[in-house]
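Number of protein chains: 2
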Amino acid sequence: MITGKNHIGYSLSAEGTKTFRTFNPKENTENKEVFTEATEDEIDNSAVLASKAFIKYRNISGTKRAAFLRAIADEIEALGDTLVHMYMQESGLPEARAKGERGRTVGQLRMFANYIENDAWRQPTIDKAMPDRNPIPKPDLRKIYIPIGPIVVFGASNFPLAYSTAGGDTASALAAGCPVIVKSHPMHAGTGELVASAIVKAAKDTEMPEGVFSNLNSSGIEVGQQLVSHPKVKGVGFTGSINGGRALYDLAAKRKEPIPVFAEMGSINPVVITPKAIANRTSEIATMYAHSITMGTGQFCTNPGLILTIESEATSKFISELGKKTATIDAYCMLHPNIHSAYTKNGNEVISQLETTLVAEYKGNPVENYAKAKIVTTTGTAFLNNPKLHQEVFGPFSLVVQCKNEAQLLQIITHLEGQLTGTIIAEKEEYAGLSELIETLQDRVGRIIFNGVPTGVEVCDAMTHGGPYPASTDSRFTAVGNHAIMRWVRPFSYQDFPAELLPEILKK
Amino acid sequence: MITGKNHIGYSLSAEGTKTFRTFNPKENTENKEVFTEATEDEIDNSAVLASKAFIKYRNISGTKRAAFLRAIADEIEALGDTLVHMYMQESGLPEARAKGERGRTVGQLRMFANYIENDAWRQPTIDKAMPDRNPIPKPDLRKIYIPIGPIVVFGASNFPLAYSTAGGDTASALAAGCPVIVKSHPMHAGTGELVASAIVKAAKDTEMPEGVFSNLNSSGIEVGQQLVSHPKVKGVGFTGSINGGRALYDLAAKRKEPIPVFAEMGSINPVVITPKAIANRTSEIATMYAHSITMGTGQFCTNPGLILTIESEATSKFISELGKKTATIDAYCMLHPNIHSAYTKNGNEVISQLETTLVAEYKGNPVENYAKAKIVTTTGTAFLNNPKLHQEVFGPFSLVVQCKNEAQLLQIITHLEGQLTGTIIAEKEEYAGLSELIETLQDRVGRIIFNGVPTGVEVCDAMTHGGPYPASTDSRFTAVGNHAIMRWVRPFSYQDFPAELLPEILKK
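Taken in sequence, the protein lines are chains A and B.
Numbered per this note's numbering, the first sequence spans residues 1 to 508.
Numbered per this note's numbering, the second sequence spans residues 1 to 508.
Honestly, I wouldn't trust all of these hints.
Stated by the list, open to error - Partial pick of chain B residues on the chain A-facing surface, computed with a CB cut under 7 Å:
1. THR125
2. LYS128
3. ASP132
4. PRO139
5. GLY452
6. THR464
7. THR478
8. PRO491
9. PHE497
10. PRO498
It is worth saying that the hints were derived from the structure and are not from the lab.
Virtual Cβ for every residue (Gly too), placed ideally from N, Cα, C.
Whenever a hint applies, use it, and build me the whole structure from the sequences.
What follows is the structure, given as structure tokens:
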């Protein structure tokens, strides 16, 4: 069923000579399927096709685009166990996660379908003419949002379905009326091809123009670079590392015509635990966080990588309990040997810093590619003085900072880079005194969770998944929820148009 | 009344040694007031003050911010003739324009005041918890838009009031809850200082935090560069040339933390006249456009610099009439000798291109700094092959392109850079056949005007003032109307917050 070829519009194409295979981290073996990287010509063809498709696709009604999105969801479900097995084979993630993520992916597609069925999301705004106004008449003006053009989507390593081929970026762009070219993630090219085939089948069945979707294989950075630089491409969606996202942002900013890049990048998701909470609920919080830190082997962008506390006996007890509990949770494999080795290397680098110590790590003897969860601690002063301690360690890792006092804790927050989330764990009797902490944290993050964990990103309208740089390259948008569609549209005004030439939604 | 100093928060400051004077283009003399350019320390002080003010200002209620905006409008009006005379002295623009632009400026401030008095503009979105949901409970999520931080505003040469010190960018940023630092335009530093003093008085009277506004003098590019690079600055609003806007955009993109730049830059505002319209309404359209081209001495960003027609006898007659009418309209002075000499140079460069001829120019013998309006014509083929003909000639200048046929006209539109506006002049019986033209034009512009002129930008919610690059650096926003506020805000989510810690608008 896997061809290893690129989907360029409705054709399968493999003109290149550069091939690669994906890897099963659980078995520690290469998978057998061979993928052919897209050539410059194939990349250009996909962009030209997308640009032609845009002319038709942008005029297809919301109802028809919704039918297309629903057909994609149906086709993904119709792939059944084939998709689940390929997902597991290429990510090492367990079956329950595969099925859960598939559910989220089709859920997102259907959510956007419901959202665009009614044109209200295009925010029709009508200012009627006032021909008798003095000193000059007021013209008739009517505004709606229109799509910006072909969007390139970069699949994420840690969400082979929900943030990849038919993930949130693709779903929101297709919903907006923008064709999509996916730069498939090299770690799960087979999962990508299966989902791409579902999208192509759905596009044909619902009579969408050829070029509304393409899927390109790549093992390095060249395909992505060429796509972002292509004059026919008008926007970019990316989920991944700061280095990768920033490189694409820089490339897009250097174009003759710069284009918007929405890159959702790393985050260490600071968690603040107040002195009273840490004393009153030591074990409860330690258990909750041991699970949050190790969930999905720590491979979530909202993983709590930084816990801010104030030094005390209770804090010492909490750290010790958190370490013990984390060390007993079964190890699991990471997405890829490269991710596993980066985890080990980055974690060790943190531990090697001054005044920084390893509290506990997974006690078992894990097999190849399995991550040893680690709890590390340092002082507030050491953290403030050492930017190396601020860096994300992607995996089941968390650094507990013991601050001298509240002032130092606040100072640390103001010195953090932008983050997707912040979390506050506090007792009811402390609420009245939390306003400075909330505001200081709000300035650095896109979402604050109260008395909970940052892992788990609910897909709904009130969700903000994004935040000040480098959490994302444009904090003015969210990557999750219906409002993510606003990244791919622009306002357009009709002045003094005859009614017969106005779009239906503006004829009032 | 003019001190020539910088407003750094509530202090007047002139630590620098670099001074300059403004110019009266009508009298062709330097004005007597001397302005002191801001130093590096003064720039840093203004940014640090703005950043401190932000912590307070973002929490000031919409009602109080509205009172501040209204007080600014009142104080501007209270400047009376002093402001009108300074405006005229520094721009050469006539009294009616000064008063009209002042009306627009205070109107914008009051419009934003009305808009923010009710918090609905912050788009409160509430998704309530579902604790019993399977397989996992749904958390309580509540989202609103919050301000992004201190904004730097660059005054525009051609709108000393409405797009400068207290213009649309300043008004929308202050409305959003963002402090503003204005990089005053060197051509109207006195007008800028007067308006700045009105803003500072209003800020004190309504008890706004010091640093909510600063106004910095500058004669070169250094002050602006340092402001855009300052880590405390979180956004930029600019109106001006492509070179200036792009340089700031590049600088902002290169920062460690890139920040959004909304630059509204040049535009040639293509106008399409159909064969029937040009034949049926030759004189009417020629008269309408002779006035639009010369209005404000052509110094509007929506000036119709490009008229696309299909060659015919009627078209020849139209061009000749347009030339005659334009040549008889009284010349007027431009904003500055530099703008006048650029106008002459750029216009002559267009005229010197192959297959391009001067149809007519103002027949009088204008005095120094007065612009000779010019109508120039070329062929569709010459225009397609020569990018020099696509460039804006800022001033009372328009290039009429005679295309071979409709296909060539459409081809020209697809090859244009992004524009603020497009205009279609057509007859009723042609409407049914216009869809391809409308869509082709829509792809290149932010607004299409039907059977009218592009000059005159109505300030209302349904207005889009912006467009694909280089009309603006981010087509996803408008610079005019209430929705311009969205450039300076980002979504923020509260998850599982106790009701007592939620902002009032989210307590439901």
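Results for each hint:
1. With a least beta-carbon distance of about 4 Å to chain A, the hint placing B:THR125 at the interface is held under the 7 Å criterion.
2. Among the interface hints, the one on B:LYS128 is violated; its C-beta lies about 9 Å from the nearest C-beta in chain A, farther than the 7 Å criterion.
3. Contact between B:ASP132 and chain A, as hinted, is not supported at the beta carbon level, the nearest pair being about 15 Å apart and thus beyond 7 Å.
4. Using the Cβ-Cβ criterion of 7 Å, the hint placing B:PRO139 at the interface with chain A is satisfied: the shortest such distance is roughly 6 Å.
5. The criterion of a C-beta within 7 Å of any C-beta in chain A is met by B:GLY452, whose closest approach is roughly 5 Å, and the hint holds.
6. This hint holds: B:THR464 has a C-beta 4 Å from the nearest C-beta of chain A, less than the 7 Å allowed.
7. A least Cβ separation of about 5 Å between B:THR478 and chain A falls short of the 7 Å threshold, and the interface hint therefore holds.
8. Interface restraint check for B:PRO491: the shortest CB-CB distance to chain A comes to about 4 Å, inside 7 Å, so the restraint holds.
9. For B:PHE497, the interface hint holds, since its Cβ comes within 7 Å of a Cβ in chain A; the closest pair sits about 5 Å apart.
10. Restraint check, B:PRO498 versus chain A: the minimum CB separation of about 6 Å is within 7 Å; hint holds.
The structure shown violates the earlier hints numbered 2, 3.
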